[in-house]
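Chemist: Sequence:
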Amino acid sequence: MAEYKHQEVEKKWQQYWEEQQVYKVKNDTSKPKYYVLDMFPYPSGAGLHVGHPLGYIASDIVSRFKRLKGFNVLHPMGFDSFGLPAEQYAIQTGQHPAITTDTNIKRYKEQLTNLGFSYDWSREVRTSDPSYYKWTQWIFKQLFNSWYNKESDKAEHIDTLIAVFAKEGNANVNAVCDEDTPAFSAKDWESWPEESQQKMLLKYRLTFIAETTVNWCPALGTVLSNDEVKDGFSERGGHPVIKKTMPQWSMRITAYADRLAADLDKVDWPEPIKDMQRNWIGKSFGAEVDFKVLSPNPFPKERGLSEDANPSSKESDFIAAWKTGNPKMAKTLVEYARRNRKNPTDQEDALWQRLRNKQIGSKVRRQHPIDDFIVDFIFLKQQLVVEVDGGYHDSAEQQEFDKARMDLLNHLGYEVMVVKNEDVDEHIESVINKIQTKIDEIDKNSPSQQEKGPGDEVKITVFTTRIDTIYGVSFMVLAPEAEIVKALTTPEQKAEVEAYVEVAKNRSERERMSDVKTVSGVFTGSYVINPFSGKKVPVYIADYVLAGYGTGAVMAVPSGDQRDFDFAKHFDLPIIQIIDQQKITDTEADPTKEGKMVNSGMLDGLSPLDAIQKANEYIVEKGIGTPKVNYRMRDAIFGRQRYWGEPIPVYFENGVPYLLEDDQLPLELPEVDKYLPTEDGEPPLGRADDWKTADGAPYELTTMPGWAGSSWYFFRYMDPQNDQEFASKEALEYWQQVDFYIGGSEHATGHLLYSRFWTKFLYDMGFIKVDEYAKKLVNQGMIQGVSAFSIGLGGISEDGLPNLNIPTIFFSKNPWRKSISDGNLNMIIPILKKYNPEVDFTDVKINFTNVLANNGGVLRHVPIEMVSGNDELDIEKFKEWRKSWAGEYEIEFIMEEDGKYICQRETEKMSKSKYNVVNPDNLVEKYGADTLRMYEMFLGPIEQSKPWNTNGIEGVYKFLRKFWGLFHDKQDNFVVSDDPASKDELKVLHGLLKKLEEDVERLSLNTSVSNFMIAVNELQAMKCNKRAILEPMTIALAPFAPHLAEELWHALGNDSTVCDADFPVFDASHLEEDTIEYPVMVNGKMRAKVQLSADLNPKEIEEQALAHPNVQKWTEGKTPKKVIVVPKKIVNVVV
RNA sequence: GCGGAUGUGGCGAAAUUGGUAGACGCACUAGACUUAGGAUCUAGCGCCGCGAGGCAUGGGGGUUCGAGUCCCUCCAUCCGCACCA
21 MAEYKHQEVE KKWQQYWEEQ QVYKVKNDTS KPKYYVLDMF PYPSGAGLHV
71 GHPLGYIASD IVSRFKRLKG FNVLHPMGFD SFGLPAEQYA IQTGQHPAIT
121 TDTNIKRYKE QLTNLGFSYD WSREVRTSDP SYYKWTQWIF KQLFNSWYNK
171 ESDKAEHIDT LIAVFAKEGN ANVNAVCDED TPAFSAKDWE SWPEESQQKM
221 LLKYRLTFIA ETTVNWCPAL GTVLSNDEVK DGFSERGGHP VIKKTMPQWS
271 MRITAYADRL AADLDKVDWP EPIKDMQRNW IGKSFGAEVD FKVLSPNPFP
321 KERGLSEDAN PSSKESDFIA AWKTGNPKMA KTLVEYARRN RKNPTDQEDA
371 LWQRLRNKQI GSKVRRQHPI DDFIVDFIFL KQQLVVEVDG GYHDSAEQQE
421 FDKARMDLLN HLGYEVMVVK NEDVDEHIES VINKIQTKID EIDKNSPSQQ
471 EKGPGDEVKI TVFTTRIDTI YGVSFMVLAP EAEIVKALTT PEQKAEVEAY
521 VEVAKNRSER ERMSDVKTVS GVFTGSYVIN PFSGKKVPVY IADYVLAGYG
571 TGAVMAVPSG DQRDFDFAKH FDLPIIQIID QQKITDTEAD PTKEGKMVNS
621 GMLDGLSPLD AIQKANEYIV EKGIGTPKVN YRMRDAIFGR QRYWGEPIPV
671 YFENGVPYLL EDDQLPLELP EVDKYLPTED GEPPLGRADD WKTADGAPYE
721 LTTMPGWAGS SWYFFRYMDP QNDQEFASKE ALEYWQQVDF YIGGSEHATG
771 HLLYSRFWTK FLYDMGFIKV DEYAKKLVNQ GMIQGVSAFS IGLGGISEDG
821 LPNLNIPTIF FSKNPWRKSI SDGNLNMIIP ILKKYNPEVD FTDVKINFTN
871 VLANNGGVLR HVPIEMVSGN DELDIEKFKE WRKSWAGEYE IEFIMEEDGK
921 YICQRETEKM SKSKYNVVNP DNLVEKYGAD TLRMYEMFLG PIEQSKPWNT
971 NGIEGVYKFL RKFWGLFHDK QDNFVVSDDP ASKDELKVLH GLLKKLEEDV
1021 ERLSLNTSVS NFMIAVNELQ AMKCNKRAIL EPMTIALAPF APHLAEELWH
1071 ALGNDSTVCD ADFPVFDASH LEEDTIEYPV MVNGKMRAKV QLSADLNPKE
1121 IEEQALAHPN VQKWTEGKTP KKVIVVPKKI VNVVV
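At position 619 of the first sequence the residue is numbered 639 (this note's numbering), and the sequence of numbers has no breaks.
Keep in mind that the hints are not guaranteed to be accurate.
[To be verified] With a cut-off of at most 30 Å between alpha-carbon atoms, the simulated DSSO-like pairs for lysine-lysine come out as follows:
hint	residue 1	residue 2
1	32	303
2	1015	982
3	161	32
4	796	648
5	458	223
6	454	556
7	514	454
8	648	25
9	264	479
In short, the hints are calculated from the structure, not lab data.
With these hints in hand, go ahead and build the complete structure from the sequences.
Modeler: If you want it as structure tokens, here you go:
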């Protein structure tokens, strides 16, 4: 057999490709373009394992195939080189992450090159390269400078918003913005100082900084976005994650929720990915409905000042006007208020001067009566009281009085802030700031824009998707975190509620999740009125209601919702059937939408769907609610308290963020002494000296998350060296978007969603022409590792406990099983005796299960390279390894009957620590890159996950050698004939071409490989060595086995690379058959085969088929009831 | 709980629109050539049965002349989301 020397051949052509720059891509407009993209890897220290190239091989085949078909193919590669592992490594070793990253990239490139990929390395991008992240920062700037206009349904420059504000305030602005955005007029806008204006704009910008509840990972010292948290643990590293409120950079991805969901219809992506994204966005249609709060004032009027004997009407009116004071005490209150105003303390006066006239954007009153009291300052709209603590509140009596007063105020719905005199004297700025923050926070949490005093009705708004079931409401549940809870809680319930809220706050995500089954909650003591039925229903708090979804309040309908049902059962609340077809059991609610409404007042008799419509009309008409679309998706947290990421191009002045100018970009990562947080808990960038502008304004300390750089890299490849734009107009115009994208499905709700978001944004702003970046997406499956285990007992003494005087005994698979099942010691006693000749082991019993449990870790991973395909362990290598690794030198084995040691196997993720990583380098060396490429494709459908198994690789290797053999004689001389090809040979070639085109088109690359094998087997049988057949086949094989094809291509006398050949044209005429073999079925079972001429008509086919002896036999001579003839396919005879 | 995917020989898998189930490869068996074989070639290889033949695509049911493929139902495994009102 001819010999194909893959090592020589592959090196030779890899060198040639590099020298000739065969894979360099021009932005050439004469050819049609085709853009093939792999998800770029994070260059980890472990290098590539055989699972990584699966997708790369597939995309390389597609790229090369398209190139042969005459396309100008862009097939780039780069590195997502910012990320946690390099930083963790840096923390441990002090090694700069850039150095680690660089080393790893070198290794990756080498491995990729060895596999013969056709990447244009001149277009390589690295997200951690300043010339790249300059443009990531630039895009950040664009987002900061934009707002989302719901009217035009796209992002617009912030200047257009400022213009509107200056002209007419925000009354007519329909934008995606913070929930707490207050209404203001043009006059307000103009009167505000710069900082206030900037703060207002932050509520609209697409990237913004705001007080947010975040996923905080203490172990990593950073926040994480929702997609980086899995089951309450960080995706990277698996550390616990808790909820925490802190100011954070965020991206307003929710602005695009609707378009991100809708445009999934435009792309050819796997349905599971689309479903995951839809699910993540979580659009639901429903309604918000207001429930009025019924809350009798439970406080007896016995404290504070005494009631007036005779209030004058003037004073009463004055008090009544504010709706806050007790009218019966009008005279006294007014008197006190006046007196206090005339004689303010220095501190009160100082504060008043800073707060009056809406200086902090909200109106304030001083010395204001509330019930029986006078408070120092009050923001009526926010119901925030500010008390200046004068220092005379020290006596026990006074303290009790203060507490009662605080309770009353709280109960009436006021929040009280106490300010110390010293604070006002010493740092009034920070006091003002605190008040401002509080006001902003309250504004955010109460969407209502009207001024409302406690005299106004207090209401709770709920979100529901089943407003039809509103007559079935028997209680209401609030999230424990809801602001209004404090105000609703009656004194009797106060202790219980506070305890519950406290517990809820401190529970980690993980605890909360693992405890889904337990029903818990507390009654607040308050009631609300069902706006439809007028019924009074109790208000509870419970942690099954999430503060972050909808309004954080739920109208509970136990008959239709299982959680409400469980809650009702637990607290013995009524369960009201509201649909006639509802089947409610002792343990289950029925959420059906089938049937007619019952017990539902005005909705009775309607179907639930009609009832929803009618109820929606009703709430709008009555002004008690509005239909509403809700999304599950939240804005994406964008800052990370880490070092190894893109710096955010922002500096601060007076606490307000400002962007750096374009010519200041890139803002490069500073050097730091350590990659840890500072002593005050600030991010690592806080360690950098001079991390501020030339004017001394401090830069932002957090960096961008991993997904920032990967959200737009596919555009950079189009024009990677451009330092004027992220990519030129021409390049963007020519390459448009990715035609074929391949990568893992694990990025479904991360990278794949964020990229779509940024693409849509760049589209809105006119920078690009497409609003989806990848036309077609394919998910390659994961290749798992198959781990091998040895089972060792680490020295067992006579009582079954570990004894270090005795060597570790390793059990082969079957003896171990047997030992466990019968507790049989026979096998180890000889060994034990060998080391302890004086001990008599006859009566010793060992419970193997106990030994396993007590002597944990006896099941040990064995490096898979020491284990053969039939699970047999190489004892010598193993001993050596154990010795170097564990320092053991006494090892005993208990073997199978045939003297072999057989390992246990298990499929797991490939990882270094499991010793199950299969390195492609070894396989490339042994079999060649072409073999590995084709074998990986041959394993099965590309999108399927499967455990790696090297066993079949010989088959593919054999195939390549057979193909080589067609060109060579026994002495390995190149012998190709120029004789014309025979009909049969042409049939083989064109049969292959046809299948190849179909298979590559639908990415069925495993069957492509099969088809090559079939063709080569047939040609070998024909002893075909004709150029007319072999040359086209060489071209067709080039995408799969580029090295071998290149070698043969040149041997055939061609000078240029096979990559520039034309793909052979398929000619159907070679496949036409004169005769067709018809399978003949009798009653659906195959009974005979008939060779028939291809041009017979159905009638003739039927006659011929029936005449066949086997058919005669099976029909037993009866006349067939029916004969089905499918021309060119099959005949079926029914008897 | 919700959503999705998958289930075919000893193993990886084919069967694109309903038309000969198991292509191709691995492993295995026998043989040939060989000093040798972890090279190469030939033949065999779903299960039961000596055979004729029967049974077989997770289980059960249905539609059809004909079902791995379509419909219903149940089971198992994997993935994603998970108190989303």
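Chemist: Given the hint that residue 161 pairs with residue 32, does the C-alpha gap stay at or below 30 Å?
Modeler: violated (48 Å)
Chemist: So if I understand the rule, the pair passes when the alpha-carbon distance is 30 Å or less; does residue 514 with residue 454 pass?
Modeler: At roughly 26 Å apart (the allowed maximum being 30 Å), residue 454 and residue 514 satisfy the hint.
Chemist: Could you grab the alpha-carbon distance between residue 32 and residue 303 and see if it respects the 30 Å cut-off?
Modeler: violated (56 Å)
Chemist: Check the hint pairing residue 454 with residue 556 against an upper bound of 30 Å on the C-alpha distance.
Modeler: Status violated; Cα separation ~38 Å.
Chemist: Checking one constraint from the list: CA of residue 796 to CA of residue 648, max 30 Å. Satisfied?
Modeler: Violated, at roughly 33 Å.
Chemist: With the threshold set at 30 Å, check whether the alpha-carbon distance from residue 458 to residue 223 stays at or below it.
Modeler: Holds - the C-alpha atoms of residue 223 and residue 458 are around 16 Å apart, at most 30 Å.
Chemist: Take the C-alpha atoms of residue 264 and residue 479, compute the straight-line distance between them, and say whether it is at most 30 Å.
Modeler: holds (28 Å)
Chemist: Within 30 Å, alpha carbon to alpha carbon, are residue 648 and residue 25?
Modeler: Between residue 648 and residue 25 the Cα gap is close to 69 Å, so the pair fails against 30 Å, i.e. violated.
Chemist: Between residue 1015 and residue 982, does the CA-CA distance stay at or below 30 Å?
Modeler: holds (20 Å)
Hint violations for this structure: numbers 1, 3, 4, 6 and 8, all remaining hints satisfied.
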